[in-house]
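Asks: So the protein lines, in turn, are chains B and U. According to this note's numbering, the stretch in the first sequence is residues 1 to 108, in order. According to this note's numbering, the stretch in the second sequence is residues 1 to 240, in order.
Hints are not guaranteed to be accurate.
[Unchecked claim] Short, incomplete list of chain B residues facing chain U, as computed with Cβ under 7 Å:
# : residue
1 : I24
2 : A28
3 : Q30
4 : V31
5 : I96
[Said to hold, decoys possible] Using C-beta positions, here's what the derived DEER-type ranges look like:
#  : chain 1 : residue 1 : chain 2 : residue 2 : range
6  : B       : T83       : U       : W208      : 58 to 68 Å
7  : U       : E18       : B       : P79       : 47 to 57 Å
8  : U       : V119      : B       : I96       : 34 to 44 Å
9  : B       : P79       : U       : R207      : 54 to 64 Å
10 : U       : A96       : B       : K69       : 24 to 34 Å
11 : U       : E18       : B       : G68       : 36 to 46 Å
12 : B       : T38       : U       : T21       : 12 to 22 Å
13 : U       : V189      : B       : Q94       : 33 to 43 Å
14 : U       : E18       : B       : T83       : 16 to 26 Å
15 : U       : R28       : B       : Q94       : 14 to 24 Å
16 : B       : T105      : U       : R17       : 46 to 56 Å
17 : B       : Q94       : U       : H138      : 49 to 59 Å
Note that these hints are calculated values from the structure, not bench results. Backbone N, C-alpha and C fix where the C-beta goes; we use that ideal spot for every residue, glycine too.
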Amino acid sequence: MTEHPANGLDDVVHQRVRLGIMAIAHQARQVEFGFLRTTLQLTAGNLGQHLTVLEKAELIQIEKGYEGKRPRTWVTLTPAGQTALRAEIAHLKQLIQQVEQAETTGDR
Amino acid sequence: MQSYLHDESVPSADSPRELLTTVGELTRRVRVAQRGTWFPLLAFAVITLVAIPVERYAPQLGPCRPGPEEGTTVCVASVASTAVYWPIALMLAYAAIAAFYVRQSRQRGLGTPIRPYVVVGVVLAVLLAGASLWLAYHPLAPFSAAPSEFTPTMHAVSFLVSPLTVIGLALLVLAWVERHWALLAYTAVYLSIALVQGSQVIESSSRWFFLPYLLVPAAVLLLGSAAFALFRPAGEAQPR
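Full structure from sequences and hints, please.
Replies: Right, here's the structure in full:
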């Protein structure tokens, strides 16, 4: 019996905000804290908490520095983060496919 | 900027379909924010316009022979322009484009995907220099051949070994890098114009006979740059 795709979902990644952070970091390669906060419309504290969760899971890398006198925090997806994002998207697609198949079967 | 977290059109429940839609929407927004299409087009328009005095006044470095009329000379091509000016100008343009995207990346807080575009552009510029020099000393058609005797292969090679085609091919890569359908359509039009122009022969004794070959693409690039700057979607980098 094949495993249900829901069992493959990673609790760290399967969360709307964290999935959003990872999707942005994947496309941007490197993204600044301010862009994430503006795009996701989160408070600095809330975003910081989600980033800490992802960093502890080694899915992102956080670099802090200065540009002129302005402090900057850059977020990069780690290779493990790339893999986790790909896996999450694959599982989500499988889930949708299964639901659609079940609906088609149920309609008959 | 609209937030997907507070967007009322997006239900709050995290169903797989909604999560995937969110990922797709965020990816699209990042791509739009990374774009800066108007700048490469402006850079290429500038080097195309600067090519006009170069084409007119640069010394002919390639092989020439006395023409059919006394005191005239027939040359294969303006080697100084295609093998020297254009590769250098293209390299400078790519350096400016890379600097523009890096600066924009720092300002907006987003990485830039421009590296493959610049690498392909530089490689094409080097190939252009090599191919131009090779063709100058190994011409496809003899000196005595009339333009009407040129075969489709000769036209095709001339089209490919043209700085304007090199710009167009690099723009195709930019359209792919930026996932930009409007730029892809624009580049198709630009390359079509370059193809049609390349197949036209202007018979003139004027030393400015080449003007349409450069003015038309330069105008198309300038118009494209202005259009992409004016009609950019919200979220795309603003010209400064």
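Asks: Compare the structure with each hint and give your call.
Replies: Against the structure, the hints come out as follows:
no.: 1; hint: I24; result: holds, 5 Å
no.: 2; hint: A28; result: holds, 5 Å
no.: 3; hint: Q30; result: holds, 4 Å
no.: 4; hint: V31; result: holds, 6 Å
no.: 5; hint: I96; result: holds, 5 Å
no.: 6; hint: T83(B) x W208(U): 58 to 68 Å; result: holds, 60 Å
no.: 7; hint: E18(U) x P79(B): 47 to 57 Å; result: violated, 27 Å
no.: 8; hint: V119(U) x I96(B): 34 to 44 Å; result: holds, 37 Å
no.: 9; hint: P79(B) x R207(U): 54 to 64 Å; result: holds, 59 Å
no.: 10; hint: A96(U) x K69(B): 24 to 34 Å; result: holds, 28 Å
no.: 11; hint: E18(U) x G68(B): 36 to 46 Å; result: holds, 40 Å
no.: 12; hint: T38(B) x T21(U): 12 to 22 Å; result: holds, 20 Å
no.: 13; hint: V189(U) x Q94(B): 33 to 43 Å; result: holds, 41 Å
no.: 14; hint: E18(U) x T83(B): 16 to 26 Å; result: holds, 23 Å
no.: 15; hint: R28(U) x Q94(B): 14 to 24 Å; result: holds, 23 Å
no.: 16; hint: T105(B) x R17(U): 46 to 56 Å; result: violated, 19 Å
no.: 17; hint: Q94(B) x H138(U): 49 to 59 Å; result: holds, 58 Å
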